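Asker: Okay, here's what each chain looks like letter by letter:
Number of protein chains: 2
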Amino acid sequence: MTKKLIGIDLGGTSIKFGILTLDGEVQEKWAIETNILEDGKHIVPDIVASLKHRLELYGLTKDDFVGIGMGSPGAVDRDKKNVTGAFNLNWAHTEEVGSVIEAELGIPFAIDNDANVAALGERWVGAGANNPDVVFVTLGTGVGGGVIADGNLIHGVAGAGGEIGHIIVEPEDGFACTCGNDGCLETVASATGVVRVARKLAESYEGDSSIKAAIDNGEAVSSKDIFEAAASGDKFADSIVEKVSYYLGLATANISNILNPDSIVIGGGVSAAGEFLRSRVEKYFLKYTFPQVRQSTKVKIAELGNDAGIIGAASLASQFAE
Amino acid sequence: MTKKLIGIDLGGTSIKFGILTLDGEVQEKWAIETNILEDGKHIVPDIVASLKHRLELYGLTKDDFVGIGMGSPGAVDRDKKNVTGAFNLNWAHTEEVGSVIEAELGIPFAIDNDANVAALGERWVGAGANNPDVVFVTLGTGVGGGVIADGNLIHGVAGAGGEIGHIIVEPEDGFACTCGNDGCLETVASATGVVRVARKLAESYEGDSSIKAAIDNGEAVSSKDIFEAAASGDKFADSIVEKVSYYLGLATANISNILNPDSIVIGGGVSAAGEFLRSRVEKYFLKYTFPQVRQSTKVKIAELGNDAGIIGAASLASQFAE
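Protein chains in written order, with the working numbering: chain A, 686 to 1007; chain B, 686 to 1007.
Bear in mind the hints are in silico, worked out from the structure with no lab data behind them.
Since we're looking at a predicted model, the values are computed, not measured.
Be a bit skeptical, because a hint or two may be false.
It does not matter which identical chain is meant; a pair holds if it fits inside one copy or across any two.
What the hints assert, rightly or not - List of simulated lysine-lysine pairs, DSSO-like, C-alpha gap at most 30 Å: (1) Lys928 x Lys747; (2) Lys726 x Lys747; (3) Lys983 x Lys765; (4) Lys766 x Lys909; (5) Lys909 x Lys765; (6) Lys766 x Lys983; (7) Lys928 x Lys983; (8) Lys983 x Lys920; (9) Lys765 x Lys726.
Chain A with its partners taken away, still in its complex shape (with noise of 0.2 Å):
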C-alpha cells in the first residue's frame, strides 16, 4: 500500500489535521479547539490523543506513514523540533513538540514556522504549481511570508528570513509598527493596516462615501467592508484600495527584482477580494519590475485557503519519503 503523510496546522484558536497522499491530495481532515489554558500544557498531548483517535477509527498504523509535519507559530527550532514564544498559545517558553510526537507515535516528526508552511502548501499543490521559486505572501491579522528558492524554504541565519510584513514601504513617514520600525508593508496591507490607511486619507477626503462617513462617526470599519465599498463604486475606498495595491506592488516588485521568482502568491484574509486586489497590484508591480522579471514572474492569488497549513505541513513530511 502506498504510504501516507499526516499535516498539522497549530493555531491560537485550532489545530488542524489532514491525511495526505504523497501526491498532496487530502484524504481525511478534522480539527480540534486549541486548549491554551495553564500555559498551553495540554497543546501537544491533545494532539497526541486527536492523531491516536484517528488512526484507530481509520484502521491506520505508524507503518501507513512516512512522517508527520507541523506548522507552529512562535520561534521554531527545526533541529531541536520545539518551539519558543508562541504567545498565542500561551507558550511563553521552550516547548518540545517533535520529541513526545515521535515517542508517542512512533512516526518520523518535522516542524517549521507556520508562515513558512503555508508557503510550502501553496508551492506544492497551489498557485505555486510546485515551481522552484515561488514566494508567499499572506495578509491577515500581520502580514507574513514565505520564500522558497532554487526549491528550498529560506530561513536565513538566524530564522528570519521571509519577513515580508517587514520590508519597509516608507521610509520617511511611515505608521508605527509593532516591530518598533516605522513603514513597514504590515502596518498598510494587514486587515488592520488597510483600516489605518483609511483612517488617513480620511482625514484630507471631501465627498460622499459610507466608509469616510463610517470613520468620521468612530463606526467599526473592516477591510473587507472597505474592499466591498469601492469594488461597489465608492470613490473613497477605492482611493485606500489604491494606495494598499501600490504598497503591496512596490514590495512585491523589489522581492522579485531580487529574487526573479515564478511567483508572487498574495494569500490570507485580505486576498479574498482577489482578482480585484490581484489587478491593482499587479499595476504597480508592472511598473515597479525590472524589464526581465516583468515578462516573468507572475503576481497571483493564492488557491488553498485554509488547507495550506495541512498541505505545507504534510510537505515537510515528505522528506522522510525514501
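Given the coordinates of chain A, assemble chain B onto it according to the supplied hints.
Answerer: Only chain B this time, still in chain A's reference frame:
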C-alpha cells in the same frame, strides 16, 4: 596529486585567468587583453590559445584539472554554455563558449553571469566566509549583485535573480534608469549615480565646497573625488555620501528583511571608500531592519577585489569534483 580548478573572468577590457586549489587558493594568475574586433570572434580562440600555452608552460595536462569555470557579461545560458547579447564584447548574437573550450581542452566547463560569479567568489573565500546565505552588491559603472540562499546561487525563473541595482528606492520622484524604470538603486549608488545625486543636491546647497564649485563650473567630478572630499570634512560632499548611504541602507535592509542572510557584502569600485561608506550604510541598515535581522545580518566590505571573478569562476568548476 591533488587536482586543481581553472577560473576565467571575461570582461570587456581584459580576460583574467587563475589556477586555483580546491580550497580556493590562487596558485597562478595571468590576464590577456580582450580583442573585441570583428564581432568579438577572436575572444574564444584567444582564451583557448592562452590556456593551452599556460598549461604547457606550467607542465600541466587536462588530467590535472577538475574543471574550468567562467564568469561572463551578457545573458548566460548555463545549460548550453553560451552567451547572448554581451554588448561590451561585441557579442550581439549568441556565442558558443563552453562547447568550444571543452572540445579544445578536454576539461569540463561551467559558466554563469559575471556578477553572480563574483558573488560566489566573495562567498567562498572572501567576506562571505563560506556561509550558505550571502548577498553580494557590487557598486561599479552599474550596480549588480548575486544572491546565495541556503547554499544556492539564486537565478530565478528567467535568470534575472540578483538584479539588486534595479530595486526601486525612490518610487515617486526618482532618476530615469537605463532599464526604463525610474528610481532604481543603480541611478543613485553606481559611480555615475553618486555624481548624479551630487548634481541634484548642488542645486540647493549654499556654502563652501570644492565639490559644489567643481560641479557648478562644469568640471569633471568622480565618485572617488566626492568620497575623498567627504572624508576630509567637506560638508556638501558629506551630504552626498549620507544620501547615497541612505539608499544603500534602505535597499540592503529590505533584502535582509526578505532573506536574513549572514552578510551583505558590498564590492565594486565605489566600495573602495571602505569603512567610511560601510558604517554610513550600516546606520540606515540598522534603522530599517526587522529586530531579529538587525541582530544577525552583517554589512561587510568585499575582500577579494579584482580576484573575486576568477575565484568565483573556479568555484563553479568545483561541481565537477567527485
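Asker: Give a verdict on every hint.
Answerer: Hint by hint, here is what the structure shows:
In this assembly of identical chains, the alpha carbons of Lys928 and Lys747 never lie at most 30 Å apart, being 51 Å within a copy and 61 Å across copies at closest. In this assembly of identical chains, Lys726 and Lys747 lie within 30 Å of each other by CA distance solely inside one copy; the values are 25 Å within and 64 Å between copies. Within a single copy, Lys983 and Lys765 get their C-alpha atoms only as close as 36 Å, which misses the 30 Å cut-off; across copies the closest is 26 Å, which meets it. Taking the closest pair of Cα atoms, Lys766 and Lys909 never come within 30 Å of each other, the shortest separation being 37 Å inside a single copy and 51 Å across copies.
For a Cα distance limit of 30 Å, the shortest separation of Lys909 from Lys765 qualifies neither inside one copy, at 40 Å, nor across copies, at 50 Å. Taking the shortest Cα distances, Lys766 and Lys983 sit within 30 Å of each other only across copies (27 Å), while inside one copy they are farther apart (34 Å). In this assembly of identical chains, Lys928 and Lys983 lie within 30 Å of each other by CA distance solely inside one copy; the values are 20 Å within and 33 Å between copies. In the homo-oligomer, the alpha carbons of Lys983 and Lys920 lie at most 30 Å apart inside one protomer (28 Å), although the nearest pairing across protomers, at 45 Å, exceeds that limit.
Taking the shortest alpha-carbon separations for Lys765 and Lys726, only the intra-copy value of 18 Å comes in at or below 30 Å, while the best inter-copy value is 57 Å.
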